[in-house]
Each structure stands twice: as structure tokens, then as C-alpha cells.
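Undergrad: Sequences and hints are given; from them, build the entire structure.
Protein chains: 2
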Amino acid sequence: MSGFSLGNLKYVFEPKSVAVIGASRDPKAWGHVILKNIISYGFEGKVYPVNPKADSLLGLKCYPDVRVIPGDVDLAVIAVPAKIVPYVMEACVEKGVKAAIIITAGFSEVGPEGEKLEKEVVRIARKGGIRFVGPNCMGIFVAKSKLNAAFTAIAPKPGRIAFLSQSGAFAGTMLYWATMRDIGFSAAISVGNQADLELSDYLMYLADDETTKVTIMYIEGVRDGRKFMKALEYYTSKKPLIVMKLGYTSSGARAARSHTAAMAGRDEIYNAVFRKYGVIRVYEFDDMFNIALAFANLPLPKGDRVGVISSGGGWSVESSDALESLGLKLPPLPSHIIKELDKILPPFWNRRNPVDLVATVEPEPYKTAVELLMKDDSFDIIMLIGYGNFGRISNLPFIIPREDTVAKEIAELVRKYKKPLVAVNVFGKDFSNVRVFEENGVPVYLSIQKAAKVVRALVNYAQYLRSLQYKKPQV
Amino acid sequence: MSGFSLGNLKYVFEPKSVAVIGASRDPKAWGHVILKNIISYGFEGKVYPVNPKADSLLGLKCYPDVRVIPGDVDLAVIAVPAKIVPYVMEACVEKGVKAAIIITAGFSEVGPEGEKLEKEVVRIARKGGIRFVGPNCMGIFVAKSKLNAAFTAIAPKPGRIAFLSQSGAFAGTMLYWATMRDIGFSAAISVGNQADLELSDYLMYLADDETTKVTIMYIEGVRDGRKFMKALEYYTSKKPLIVMKLGYTSSGARAARSHTAAMAGRDEIYNAVFRKYGVIRVYEFDDMFNIALAFANLPLPKGDRVGVISSGGGWSVESSDALESLGLKLPPLPSHIIKELDKILPPFWNRRNPVDLVATVEPEPYKTAVELLMKDDSFDIIMLIGYGNFGRISNLPFIIPREDTVAKEIAELVRKYKKPLVAVNVFGKDFSNVRVFEENGVPVYLSIQKAAKVVRALVNYAQYLRSLQYKKPQV
Chain A
1 MSGFSLGNLK YVFEPKSVAV IGASRDPKAW GHVILKNIIS YGFEGKVYPV NPKADSLLGL
61 KCYPDVRVIP GDVDLAVIAV PAKIVPYVME ACVEKGVKAA IIITAGFSEV GPEGEKLEKE
121 VVRIARKGGI RFVGPNCMGI FVAKSKLNAA FTAIAPKPGR IAFLSQSGAF AGTMLYWATM
181 RDIGFSAAIS VGNQADLELS DYLMYLADDE TTKVTIMYIE GVRDGRKFMK ALEYYTSKKP
241 LIVMKLGYTS SGARAARSHT AAMAGRDEIY NAVFRKYGVI RVYEFDDMFN IALAFANLPL
301 PKGDRVGVIS SGGGWSVESS DALESLGLKL PPLPSHIIKE LDKILPPFWN RRNPVDLVAT
361 VEPEPYKTAV ELLMKDDSFD IIMLIGYGNF GRISNLPFII PREDTVAKEI AELVRKYKKP
421 LVAVNVFGKD FSNVRVFEEN GVPVYLSIQK AAKVVRALVN YAQYLRSLQY KKPQV
Chain B
1 MSGFSLGNLK YVFEPKSVAV IGASRDPKAW GHVILKNIIS YGFEGKVYPV NPKADSLLGL
61 KCYPDVRVIP GDVDLAVIAV PAKIVPYVME ACVEKGVKAA IIITAGFSEV GPEGEKLEKE
121 VVRIARKGGI RFVGPNCMGI FVAKSKLNAA FTAIAPKPGR IAFLSQSGAF AGTMLYWATM
181 RDIGFSAAIS VGNQADLELS DYLMYLADDE TTKVTIMYIE GVRDGRKFMK ALEYYTSKKP
241 LIVMKLGYTS SGARAARSHT AAMAGRDEIY NAVFRKYGVI RVYEFDDMFN IALAFANLPL
301 PKGDRVGVIS SGGGWSVESS DALESLGLKL PPLPSHIIKE LDKILPPFWN RRNPVDLVAT
361 VEPEPYKTAV ELLMKDDSFD IIMLIGYGNF GRISNLPFII PREDTVAKEI AELVRKYKKP
421 LVAVNVFGKD FSNVRVFEEN GVPVYLSIQK AAKVVRALVN YAQYLRSLQY KKPQV
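The listed protein sequences correspond, in order, to chains A and B. Under the working numbering, residues 1 to 475 are what the first sequence spells out, in order. Under the working numbering, residues 1 to 475 are what the second sequence spells out, in order.
Per the computed footprint, the stretches of chain A lying under chain B, defined by three or more beta-carbons under 8 Å from a beta-carbon of chain B, are:
1. 238-249
2. 323-336
Cβ-Cβ distance ranges computed for the label pairs, FRET-style:
3. A:Leu396 / B:Ala54: 19 to 25 Å
4. B:Arg435 / A:Lys429: 14 to 20 Å
5. B:Glu362 / A:Asp182: 28 to 34 Å
6. A:Ile344 / B:Arg435: 44 to 50 Å
7. B:Lys53 / A:Thr405: 36 to 42 Å
8. B:Gly59 / A:Arg415: 51 to 57 Å
Everything labelled a hint here was simulated from the structure, so no lab data went into it. Ideal Cβ placement from N, Cα and C applies to all residues, glycine included.
TA: Here it is as C-alpha cells:
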């Protein structure tokens, strides 16, 4: 693993026992919310609240000090005032704690004093072999361990996307946003000041985590560039990584400095590194999730040739523009497909790619067209636009049940032919067939341009993986 | 008016009487849906169904021929088979009809035969001075005339945005989409093949229409470039115009040719023309509406200097990047504002633009910060990010009513100081304060990047209007 020593890192993700140090009775205190979140999410290991002023908290026996807890403590969540953190860490070392999460703020992000305090905490932790998250973070969520040790007002759903965030507030907002949209996570980590564990360490762990299919990452800057590149190289050889790297303008870089003390660095260097290691860079937060959902659900495309099926001529023009302007190809429609579609479409259909099904409000011809394009070697990926709207927008309620049924059948074609398909519906979650698509692994996007970015990302990462194959020594 | 002869065009928008020729009993027929839409939207003039095979339709007396209608007919909506359209137009001329909408398809868009038929219809109409919309269109909606003479499944809401679309299907989908989001229209016109009335004509009318504050336009190509430029010059001297011009790649241009027979033209020429006349070009449909809502509701900014107030450091970095990368300015925070905010914020607040209010979950400091930036001459426009989320995402329900109240007070500051403010809330319509903002004229956007595009559009159009002032001869 390229010289990485992850040590006790795994106890962050897979603890059998958790102590919450600074657990509190005050429902607004972080130490209360996190303890409550751990309990209510159903963590199956031992949970030990630590608070010298309480006998019990939220129904659990409370301990005055981590050292007097009877059993082993794999993970300590620390939410005590900053000045006390070194003493708590010392106690954790004596207890033999394996890993910690320091929620507390007031370290390197507030200036030289805090920086000194942070270094002291690192020194103590290293002495005892404790790896830790933070300080100055919102905590972590790990689906496979049923561990929600985070300051969130919503319980994240389990899923196949891992999420690393350098901004705690951003992480909290995004978790809430994604959870409201039924997007699940394998893990979510607010990395805070990265005094000990860094983005690179988490990536090394996630690369081999079987519950994670794709990782999204919000960052403002990276300190150890060499280590980061090694981690990227290892990680992206196994899984796709989507990065939102901010601070790419001079105003943004200044704001980043005052936010996470991150040195944003020269943006062209980040771009070069990301390109080299097949990292997908995005500039808008919804693109992170859009692209992650595609990687979490779809097979990878074998090339960059897109077959488009749309429900109107405007969409056909818009998708041609959107795909071509991202460098994707729209091959002509093979004559045998034209012949097949001639059988079911009125004589004036457009006979081109994009296939324009404007003449029919019925759902079945869409499935026929999708299957013809899936079967054909001319196309590596399918984009389906405006399917399943007619029941509502043309006021034909009697076809709505069929729109739902055929959506399921179209989704099954993705598995049958192992070819990716992305759908576009500007009405979003409002129509039932959109839920049918998503429950059956076909991501649905709110605009053609958003979907085109997803296609580009899938194609790029698939190309990257193929380029690694060519580089492998031939035996 | 630059040599434009709009003739009877006004009867398209302001008819006192409408005949629906081809009115039908069949609830799926266009002639039925349009008649029903006209009646149910409450058109206050006379409505005459025309159908030789019926005595009455939807409770109205039916006439066998437009010529036997007893009163005047200002506008005829024609939904009969293509071959019959010339005869119907001849009858309209004899009757003295002033304007028409030809819904029927099967004209120039289907080839030389249809083109011949279309020319014949134009010839007859011109003879009688009839101006007409279409053919091959979805109809029109005019709020001030309570006229919904369109093939829609949803009743559009009245508003201040006019909408011109070269694609009927796109117009229908967008009307439905916008109406579901409470976006209203002054007028919506599916222009069809533009055999007689062209985009340029509609723009000339809308320039002087008091109910229209801003126009959005979906086009694939323009035929008479000189006339179009004249119309743009006149229109944009009065009101902002937002254009989604597709067919800007070679695939897109090919698709446009097969869709609306539009010659997409060289894209750099369109860009030059749009720039010259202060037209705002967009590439994603939601940007059309985002920008239109801002123009419909907000005062214009006096310059390009943006003051940002955010609820977290991540948003501050993201907004700095988004605004600067669009060429907008983020001036430093004046020291008197820092002093004022020192009084109400904890000592570690960031003291910069973007103002980061992460330390407070209370809504009132946001209002204070907005008012300080509104009052100050350093800023031309305010962006407010992440306001009003804490009640939900930090699980503090008791502050939700205050979040709503203060949202209303913030919206009132826009009117008081006549300075525009755009808000960003990634949760969209889910939170009640978002509705409060929008009901009080502050548009709320789903992402910082989307809001930054709106700021850029407001600034650009305001700059364009100022440049016209400088050009005016000094007396």
C-alpha cells in the first residue's frame, strides 16, 4: 500500500465499542446530540457516556473518566472544551483507546495558540498509537457499523457512496440535502483540521472498503501533495473519485484561507494531478451527487458513443448540443434500427440519433427503441429524455400505470445488456415513473446538461481504467 | 418603430372575440382541448365554436362556418386538417377576421408539398390583412386577456414573464414545469413555423406591452437576420431578453434542421449579435427562468460589486469562486461595517466579504448584515446564502417562525434601499421561509452557481442600458 501505515485507522470505521467523552444532558450540546445519534441509529457495540457530573445519560450508565470504563474502548468521541482535550487524549492513551474523533473547535483554525494545542494533542495521540479524526469537525457516519457519531439533525441512509468533507457545515448541509432525496452513504466523514488523519488516509481505507463503490470529496486545499498523489493513484485504480475543489479564484483562495486555513494552491496543478489520476472534478455540488449515483448504480461504458432517445425535437437539439460540446459522440442510427422502428412509428419520424419519439405518447415504443440501441455495438451509453411525462402533461392519466411498468422494464435492460443508461426528467421526483427508475438503478437527472456531465464522467473514468490496463506489464 | 408594420398583430394578444375552427367533441382532439381551455380560463369576450357537424359544443352554440357567425371575429384558432386550412383562411378573409392561430401541422416542416401549402395560406391571409401565428404550433396564452388558446394540460398563472418558443413540445413542457413552480406568465407563444408572424414581430409587440417585464425565448434559428436585429435593438432598449439558442454544435445544428427546419447559422454570429444588443444568452432551461424571475422582481444593480452573506465558510469559498470566475467583484468589507457587526457577532467572526455568519443560528443577525450592506455604497447587489436553514437542519424548530418573519423583513429591505438581493437555498421550496422570500419578491436559487449566473445577467443588462444612455445625443 505504497508506504501507508494506516495503523488503528480501521477502528474509526469499525469500532466494537465507543466512548462519548463530554456527553451532556443539555439537548443543544454536541456531546448530547452525538450520543443520542449513536444510540438512536442502533450502533450494536458498547456505548459508554463519559461525564463526571452524571450517573446516567439517555438510559446508559455514565462514567466519570474513560480510564474507569470496565471494557475495551475502540473509539472515543471527544466533545470537551479545547483546553481539556490534551488531558482527555492522555487518558485515552492510558486506557488503550485505538482511535478518536475530536469534535471540539478552537485549534489550528483560530491561530498560533490553537496550533500549539493541536500539535500537543497529536504528540500525545501518536505516543499511544491513537489515530484520530478532526479536531474541529462534525463527526462521522459509517453505515456498515451502524455508527452515526455525527452532529446531524437527520439520520443518513445507508448506501454505496462515501463522502469526505473538509467543511463541517457543508458536510452537515449536504447530508441533510442528500438524505431528503433518498441518497444513501457507505460513510461520511467531516475531516476537520486533519491534525492526524488526512484525506489521503481515508482514501486508502475507502479504496478497500467493500461497502463503498464511489467517493465524493469536498476540499479547499491539501497539505502533503506527495502523499495525496499516492493515495489518489491507489484509490482511483480501484474506484471512481469525484472532487469538488474550491478556492480556484483569488477571492475563493482568500476565503478558503480564512475558512479552513487551507492553502488553495495553484489550480492548474490540481487540475493536472486530477487528470493524471482519473479524478473527476466538479464545480457544483449537485454534480457530485449526480455523478456518484451513476457510478453507484450503472455499469461502465465501453466508449464515448451516445445513443439518445427523446420525446421531442427540442430535447434532441439540446442533447446533441450538450453532448457534443463535452466532446462526446453521437453516431448515426444504423439502418437496421431504422427498419425496426419504421414498423412501430408513424412515417414522418426523424430516423436519426437522437431518436425523436414525439409522435407517440405511448410508453412501449420507448422500450423498443432503448432495447434496439442497447443491443447495437454502435452505442456505448444511452440517454433517455422526457420519458413518462405524457400521462401528466398531456392529461392522459390512463397511461400512467403503463409508464411506470415500462420504466421498470427499461431499467431491467441495463442489467440484461450491461450497458449504462441515464434518464432525464425535468419534473424530477414529481412523477411516479421517476421513482420506479431510481429504485431499479437508473439515475434520473433534472436537465440534459446535468445528465451530459454524468455521461462525460462515466466515459472519462472508464477510459482511465482502460489506460491502466495498457500500462500493465505484459507477461 | 423601425419600419415594422404590426398591422392586426394586436388582435392575437387582445381579441374581443375568438372563433375555434375545427372545434371537436372528441376530448383528445386539439380543437376540443383548446376550446375547453379558452372557456375554462375565463376568456371574457365572445367564443364561437365552428364545426359543421355539431349544434353546440361545451355548452356553446356551434356554427357550421366562420362566415355565418353573427358578430365580429377578431381571432380565429384553426385546428383543421392541413389541406383544408387554405379554404378556412379564405373564409376568414371573407368574414373580416383580424388574426389567426394555425395549430395544424403538416406544412413547411414536412417538405416541399407542405411548403407550397404554407405559402398559399400566407398569400390568402395577406390578401385579407390577417396576421397569424403558426402553423404547426401549440397555441398562445395571454394573461391580460384571460386567453388560454393553447394545447396545455395545465392553466398557466398570470405573471410578468413573456415566453416565445420555436418548439411546441418544449413550450408545453416548460409551461407545465413553470406553473408547477408558481412561475407566472404575461404571455406564452408557441411560434411554430413562423409563416407570417415571426419572433421579431412578437418582440416588437412585447416591447410595448405593459404587462410584460422580461421575455424569455427558445429558438433554434432565425430567418430574417436584419429584421431580427432591428427588433432586438428596439426591444432590449426597453426590457431584458433572455435567449436559449440551440443548435450551437454540428450535431445540434443537424438535429435543429430535422426539427424546425431551422438553419442554426454560425454560432459566433449569434453571440456577436446578442452581445451587441444586450441579449442574455443561456444554455440551460432553468437559467432562463432563474434570470427572468430576477428581472421580473428586482431593481437593477448600479454596478458589478457583490456583497455576500453566508451561513458557513464552505459557502463563502464557493460563492467567491463562482462570482469571481464570472468576472464579478467582491470588494473588501468597509471598516464601519466590521465595527457594527463586531457588536453582534462572536469575536472570531471572519470580518470579510463574504460575511460568514456560521457562529449564529439566529435569523436576526442576517437582517442586520443585509441592511448594513444595502446601505453601503461599496456594494451594488447582495447575495444571501443559506439563510433560514437552521430551524430544520440543526433541529431547532422553535426558531422557524422567526426565520419566516425575518425573511419578510429582509425582502422589505430590497424595496427600501432599491438594491437587488438574490438568495440561495439548496433545499429549494422545502422550507417555509423560501416561500416567504419569493412571495415578497426575493428570488431564491438552488445553488450558488445558478445565483451567480443571475447576478451576472442583472449586471450585464444594467450595464447595457447605461451604455445606451451614453450613446444618446447630448442636447
